[in-house]
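Construct the entire structure; sequences and hints are all you get.
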Amino acid sequence: MASMRVLTQRSFGETSRRDTWWVQPMVVFLGLSAFIGYTTWAAFQGVNYFHDEGGAHYLSPFYSPLLFGQGNEPRWFASDRPSFWPEWLIFSPAFLILIGPAGMRFTCYYYRGAYYKAFWADPPSCAVGEPRKSYWGENRLPLIFQNAHRYFFYPAAIFVLILTYDAYCAMWFHSPDGDAQFGMGVGSIVLALNALFLGGYTFGCHCSRHLIGGYLDCLSKAPVRKKCYDCVSSLNNRHMQWAWVSLVWVAFTDVYVRLCSMGVWTDWRIF
Amino acid sequence: MPTVTFRVWRGDSEGGDYQDYPTEVSEGMVVLDAIHDIQAQQANDLAVRWNCKAGKCGSCSAEINGQPKLMCMTRISDLPIDEPITVEPMRAFPSLRDLVTDVSWNYEVKKKIKKFKPRDPDFEDGTWNIQQEDVDRVQEFRKCIECYLCQDVCHVLREHQKHDEFIGPRFLVYAASLEMHPLDVEDRLEDLKKANGIGYCNITKCCTKVCPEHITITDNAIIPLKERVVDRYYDPIKKLLRVITGG
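Chains as they are written, first to last, in this note's numbering: chain A, 1 to 271; chain B, 1 to 247.
Worth flagging that the hints you see were computed from the coordinates, not collected in a lab.
Think about it this way: if two alpha-carbon atoms lie no more than 27 Å apart in a straight line, the pair counts; the simulated DSS-like pairs of lysine-lysine are:
{"#": "1", "chain 1": "A", "residue 1": "K133", "chain 2": "B", "residue 2": "K194"}
{"#": "2", "chain 1": "B", "residue 1": "K162", "chain 2": "B", "residue 2": "K143"}
{"#": "3", "chain 1": "B", "residue 1": "K239", "chain 2": "A", "residue 2": "K221"}
{"#": "4", "chain 1": "B", "residue 1": "K114", "chain 2": "B", "residue 2": "K193"}
{"#": "5", "chain 1": "A", "residue 1": "K226", "chain 2": "B", "residue 2": "K239"}
{"#": "6", "chain 1": "B", "residue 1": "K143", "chain 2": "B", "residue 2": "K193"}
{"#": "7", "chain 1": "A", "residue 1": "K226", "chain 2": "B", "residue 2": "K117"}
{"#": "8", "chain 1": "B", "residue 1": "K53", "chain 2": "B", "residue 2": "K110"}
{"#": "9", "chain 1": "A", "residue 1": "K221", "chain 2": "B", "residue 2": "K117"}
{"#": "10", "chain 1": "A", "residue 1": "K227", "chain 2": "B", "residue 2": "K143"}
{"#": "11", "chain 1": "B", "residue 1": "K238", "chain 2": "B", "residue 2": "K193"}
{"#": "12", "chain 1": "B", "residue 1": "K162", "chain 2": "A", "residue 2": "K133"}
{"#": "13", "chain 1": "B", "residue 1": "K238", "chain 2": "A", "residue 2": "K227"}
{"#": "14", "chain 1": "B", "residue 1": "K238", "chain 2": "A", "residue 2": "K221"}
{"#": "15", "chain 1": "B", "residue 1": "K194", "chain 2": "B", "residue 2": "K115"}
{"#": "16", "chain 1": "A", "residue 1": "K221", "chain 2": "B", "residue 2": "K143"}
Set out below in structure tokens:
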């Protein structure tokens, strides 16, 4: 019988696991890093976020709602930048809105578990040694702010409604004389799927599940609320999948609108 | 029959070694069968806790190839046998001897959680009227067999040894089964936030992954409790409403 070293205290990455435990956190790290990198780049561009060739009206979700923009764009206020914004400071319409969706995802229960592992190795994976001995969890600053998740959920839910309206607008094509005709381009489908995926992610979040009825012990007395709770729970069962699909698709939607706007891609009109 | 090497932890709280035991395995064997073979033929003094061999008593919890599992529910055919299969005791609890750990801390924790406190009976005969759909949610939590694999894999206990400040996933599930019960009127939120340390959970979902009863510990128990704690302590609008309504 052979005798081996005793593992009394686990050091960083030390484990008896034989599987490829490091793959999942690495994929999460690469996926989230790529998304953050692209989103930051896209937000700073401040151009090519609206495509209106061929009568289409496609607005990138990174810039919606478009509070300030150019005259031909569906802006909310008749100015290209807010009056309070310093002249010397670079401005992009995306700066005003991205904090909402970014905060929603940063404080999301799924993403928290995922990025604590992937970015902070706390733990690197289940039953794998950690790099630090100290640990505060979400009990004190700064992570106690994760409890503000619902305050990002509210604006994120409104954004989903706005993006749904954008998808609706993307199904109306304008002729040069101003008439609008119902139609469908590839971009219309891209924007509609974006609203669908973001809706599935946002309304299926744990916070939504709690607020719709999870806080109650007796739901039988409120049958409509019970139905809503069951629907949200059903979405919540696949929250991780919704999180990733919506993340990838919202970035792809921006890529699609951007490349169409730049003339690199042609938006095919289906009817 | 192929011969598989089992690398078993032998030792106690003072320390120990891994020992290799080549053992013949046959179709349908589980790890606990192999441990019993080793105990019968090669190491009569090997300590292992077991009882039902059916995944219902929660006694034979161990770490097999580094993964917290029940030995009686882990088929050898599901493991790679071209290299030694490691069998260790749970790391979150003090070692007593070989594969047996002292899990008594869990019993003490359970005693500290406020007990079930039903509302006044609905009828004169002392009974209540409740709907099945209202207890569906807590019935999932009643499947727990108290194997403590979730406690073992939780890094707050396993790596950071916060046993004095954090009750672990098993007892958050237990608290949820009481707190969400339609008849219960006890208030455990202050305990959950302070004495039970629910804020230590950072939602890695490792507990859910290892649960042999497939209880959705994180999503259905811990996060809903966290949200209730947010309602009480971290939501300024709800706080304001409580002040206004006197609730």
